[in-house]
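Engineer: What follows is each chain in one-letter form.
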Amino acid sequence: MQPTDISNPSYFHKVVDCQWGCPAHTDVPGYIRLIAQGRYTESYMLNRQANVFPGILGRVCDRPCEPACRRGRVEEKPVAICRLKRVAADLRDEIDGLLPRAPERKNGRRVALVGAGPASLTVANDLLPLGYEVVIYEALEVPGGLMRSNIPSFRLPVEVLDEEIGMIIGMGADLRLGTPVKSMKALLAEGYDAIFVGSGAPRGKNLRLPGREEAAANIHIGITWLESVAFGHIGKIGERVLIIGVGNTAMDCCRTSLRLGAKSVKVMARKPRQFFKASEWELEDAEEEHVEIVVNHAPKSFVVEGGRLTGMVFEKMAYEFDGRGRITAEKVLGEELIPCDDVVLAIGQENAFPWIERELGIEFDKWDVPVVDATTFEGTRRGVFFGGDAAFGPKNIIWSVEHGHQAAISIHRYCQGGDIRERPPYGMNLATAKMGIHEWSFSNAYDATARRVVPQVDLKERFRKLDLEVELGFTAEQFTKEVERCLNCDIQTVFTDKLCIECDACVDICPTRCLTITPDGTEAELRGRLSAPAENLEQSLFVSGPLPQTGRVMVKDENLCLHCSLCAERCPTGAWDMQKFTLTVPYAGDLPAQATPRAKTGT
Amino acid sequence: MSYIAKPKVVHPGLPRNELGLSLRDYEGGMSTLCAGCGHDSITAALVQAAFELSIPPHRMAKLSGIGCSSKTPAYFASASHGFNSVHGRMASVATGANAANNELTYIGVSGDGDTLSIGLGQFCHAIRRNLNMLYIIENNGVYGLTKGQFSASADVGSKAKKGEVNQQPPIDPCLLALSIGCTFVARSFSGDKEHLVPLLKAGIRHRGFAMIDVISPCVTFNDHEGSTKSYSFTRQHYQPAVYADYVPPAQEIRSGQAAGSVQAVTMHDGSRVLLHKVGADYDATDRLAAFGYLSRHQAGGAIVTGLLFIDESQPDMHEVQGTPAEPLNSVSYARLNPGQRGLDSIQARFR
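Chains A and B are the protein sequences, given in the same order.
Numbering follows my numbering, in which position 419 of the first sequence is assigned residue number 419; successive positions increment by one, without gaps.
Numbering follows my numbering, in which position 216 of the second sequence is assigned residue number 216; successive positions increment by one, without gaps.
Hints are computed from structural coordinates only; laboratory data are not their basis.
Any given hint might turn out to be false.
Stated by the list, open to error - On the chain B side, residues computed to face chain A include the following (Cβ under 10 Å): (1) P7; (2) G36; (3) Q168; (4) I171; (5) G226; (6) S230; (7) R235.
To be verified - To list a few chain A residues with every Cβ distance to chain B over 10 Å, as calculated: (8) S149; (9) M167; (10) A189; (11) A329; (12) R358; (13) D504; (14) T512.
The beta carbon of each residue, even a glycine, is placed where N, CA and C say it ideally should be.
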């Protein structure tokens with residue numbers, strides 16, 4: 001194989017599975033170590049740099065980092081990354097002096113952001129310190145977008161939202177609440193230098209079945225209903241509630257129903273559990289509250305008696321699967337009537353852009369979704385950018401944040417008159433973690449502790465108030481243990497081939513047999529003849545150049561490396577070293593200054 | 001030495017042997033030897049060999065004397081019996097242990113100092129008795145624990161770390177063992193496990209005294225320019241005479257394994273050792289020829305490796321002495337202690 005190019009930041013970045021999995025590239029091991037050291041404020045700020053909303057995301061992030069976590073392959077459960085983030089947010093000190101500030105003197109550029117959700121707020125966060133004048137248009141009377149209207153307050157307290165949104169607005173954004181943008185044409189005419197559309201995917205999908213119209217009073221569209229609950233327009237629901245769909249919105253709907261007086265809540269799923277869209281932990285939380293999840297029931301019709309909804313008829317389904325678990329055939333076994341008082345539809349949501357006139361050069365595809373460049377986030381009209389759910393359909397908060405960062409880079413470069421396709425490069429910093437012959441600047445001993453469970457408000461207590469936060473957060477006894485479960489994957493094993501004397505010490509000591517000294521070969525062939533088989537093809541092989549004494553190569557399978565540093569400790573020549581890897585992620589503020597300004601967008 | 005324990009995490013893809021154990025079940029404590037010590041590689045090879053032979057760890061006995069080498073038994077097979085004897089006396093302790101219980105697998109680990117200086121007499125007599133054990137010499141040419149003085153295996157002309165040149169002729173353990181009737185003589189290198197592991201397996205399965213001289217560089221005192229026992233010198237002067245391949249009793253010899261000039265030797269337990277000869281003239285069952293080959297090549301500066309001599313036909317100590325086959329710990333109390341009458345009758349035989 002070609003020797004691995006470790007000067008490319010993406011090689012070591014990929015080794016840090018959590019950071020690689022995080023759309024915003026949060027330095028997870030870095031912030032977990034800061035928590036371990038009791039430096040909560042620094043931990044919060046490290047988080048904020050990447051993901052902007054640590055307190056919010058520490059409660060409701062979709063946490064793509066956790067399924068990626070190496071610990072989950074080494075034993076069963078990943079590190080509780082998300083809830084550790086909340087620890088940093090809960091325990092941090094005052095940070096006013098650490099937040100970015102907008103300069104007194106503006107740069108003379110005005111940017112309009114449509115919608116005050118996480119994507120727009122991230123754009124504002126990145127552009128305000130550069131001297132931009134930022135105007136945010138929000139249809140509702142409060143900022144936050146779906147974070148506010150769709151995530152129930154028993155999961156995300158309003159104070160947490162207000163505080164983190166306030167940090168951005170407080171930099172001097174011109175937030176115009178209750179001001180929906182009704183016409184893109186009119187907005188363009190206002191002469192902004194750039195426009196960012198972060199208006200989300202605000203339209204919940206409907207289910208057109210017999211009886212839908214007659215029973216309309218008791219059939220609710222999930223996200224609209226959650227919004228009404230959030231703003232106090234709806235305060236109760238019938239005793240028997242059916243939720244249609246099993247995504248994360250469905251989980252919020254069922255748990256909210258229980259707090260509005262429902263006695264029996266069933267979540268109706270068309271397919272078996274392995275096809276559910278909801279995150280496993282959200283399903284667990286709902287089931288703990290005695291929500292019943294009913295599989296293999298496809299909705300057929302609403303039953304209306306005396307002008308009122310009394311139940312729903314479902315077709316009972318059976319499926320056949322192929323070897324890879326995909327459905328190959330389905331059949332209907334029969335029908336079942338399930339009585340109910342209310343139905344909440346949580347079967348997905350869509351973008352909606354009735355306010356963007358179609359003659360402005362902003363193209364829409366066949367699903368009526370704007371055509372957006374996946375790198376620059378620019379639409380087909382220069383100077384108009386999209387991000388968050390408005391760009392590529394419903395994803396999650398952390399993706400919106402990353403879209404916001406990228407769009408901010410594009411907007412800044414666009415306003416500077418540069419080529420927005422030229423993206424600023426990722427960089428890295430490597431510094432040895434060696435402190436003494438056998439001492440390292442990190443906790444390298446493997447801690448076999450099992451994953452801690454976040455304590456929750458007692459089941460009897462939690463339904464008393466709609467906004468009573470269910471999760472209490474880790475106790476100090478818990479998080480001081482949980483942080484030790486992190487394998488410190490960012491402390492990289494760095495190999496210098498010319499120093500190796502092929503004594504085998506590293507190969508012999510490696511607890512998970514990651515290392516092999518062997519004649520070179522193709523990747524497929526090498527994977528088969530390593531100390532332990534390297535069967536996880538998603539994980540890289542490190543291959544050195546030829547070793548000085550025999551010309552063989554050092555191969556490392558990254559898959560199960562514990563980053564325990566024993567290879568480096570047993571290396572007599574320092575050919576292996578443990579080095580702290582820091583990914584330098586470029587933000588709008590990191591772009592070099594450029595001279596030629598761009599003409600205004602609307603003109 | 002490292003202060004952290006080797007994590008107990010086991011790679012899920014790690015193979016299991018006939019006993020259902022993984023390689024990691026044959027490991028021992030954390031090594032306190034210098035980082036990069038050849039001895040640690042030999043330990044790893046022993047772990048591999050014992051794992052592959054599916055030896056129940058509690059049926060092994062590890063013995064050693066004094067020196068860096070003699071710390072090795074602490075670093076493998078934690079579940080085995082062990083005895084760390086006084087300097088140079090490991091062979092005697094092994095003789096006693098073997099006399100009492102010949103059902104265990106005996107693995108002695110010694111060094112060039114422990115074997116070729118203070119323990120030379122013990123070593124020679126254990127060979128003469130054809131004691132059933134594997135005797136490993138971790139040979140680095142220096143006294144590491146006392147800061148690197150030349151040992152009895154240092155070559156003439158070899159330089160110490162500070163520059164002084166050795167002028168005394170070495171004792172070659174292989175030539176010595178051949179000359180006094182050793183029934184299994186081999187040499188290998190800690191930096192070549194592919195070669196070492198089959199030799200260890202064959203040595204363990206050999207019934208009689210199996211001596212393996214393993215060049216094991218001392219990274220701290222003898223891995224410099226001018227050393228004749230460094231990693232790079234050994235790699236440059238390494239001259240395999242015979243590659244050994246170990247085939248367990250129940251396994252067929254694969255066609256690829258027997259190609260070329262291969263000599264198969266059947267061991268006492270039905271397993272076979274395949275000897276792949278590098279030079280066509282080499283005969284590993286001819287003691288005189290082996291002695292001559294070794295002497296000639298040694299004079300030319302080569303480090304001859306491989307299973308140099310094997311003789312499965314010789315009786316081991318128990319056969320020669322006519323001692324009972326069953327371990328003394330399983331002999332009934334009545335037989336072990338025949339009482340005053342029994343003692344009287346034994347004593348009467350000497351009157």
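Engineer: If a hint holds in the structure, say so; if it doesn't, say that too.
Structural biologist: Now the hints, each set against the structure:
1. P7: Since chain A brings a Cβ to about 4 Å from P7/B, closer than 10 Å, the hint holds.
2. G36: With a closest approach of 3 Å, the G36/B hint holds.
3. Q168: violated, 28 Å
4. I171: violated, 26 Å
5. G226: Where the cut-off is 10 Å and the nearest Cβ of chain A is about 16 Å from G226/B, the hint is violated.
6. S230: Holds - the Cβ of S230/B comes within 10 Å of chain A, reaching about 9 Å at its closest.
7. R235: holds, 5 Å
8. S149: S149/A is indeed farther than 10 Å from all Cβ atoms of chain B, at 45 Å.
9. M167: The assertion about M167/A holds, with a minimum of 41 Å to chain B.
10. A189: holds, 63 Å
11. A329: Label holds. Min Cβ-Cβ 34 Å, cutoff 10 Å.
12. R358: holds, 56 Å
13. D504: For D504/A, whose nearest Cβ neighbour in chain B is about 4 Å away, the distance does not exceed 10 Å, so it is violated.
14. T512: Its Cβ does come within 10 Å of chain B, the nearest being 5 Å, so this is violated.
Violated hints for the displayed structure, listed by number in ascending order: 3, 4, 5, 13 and 14.
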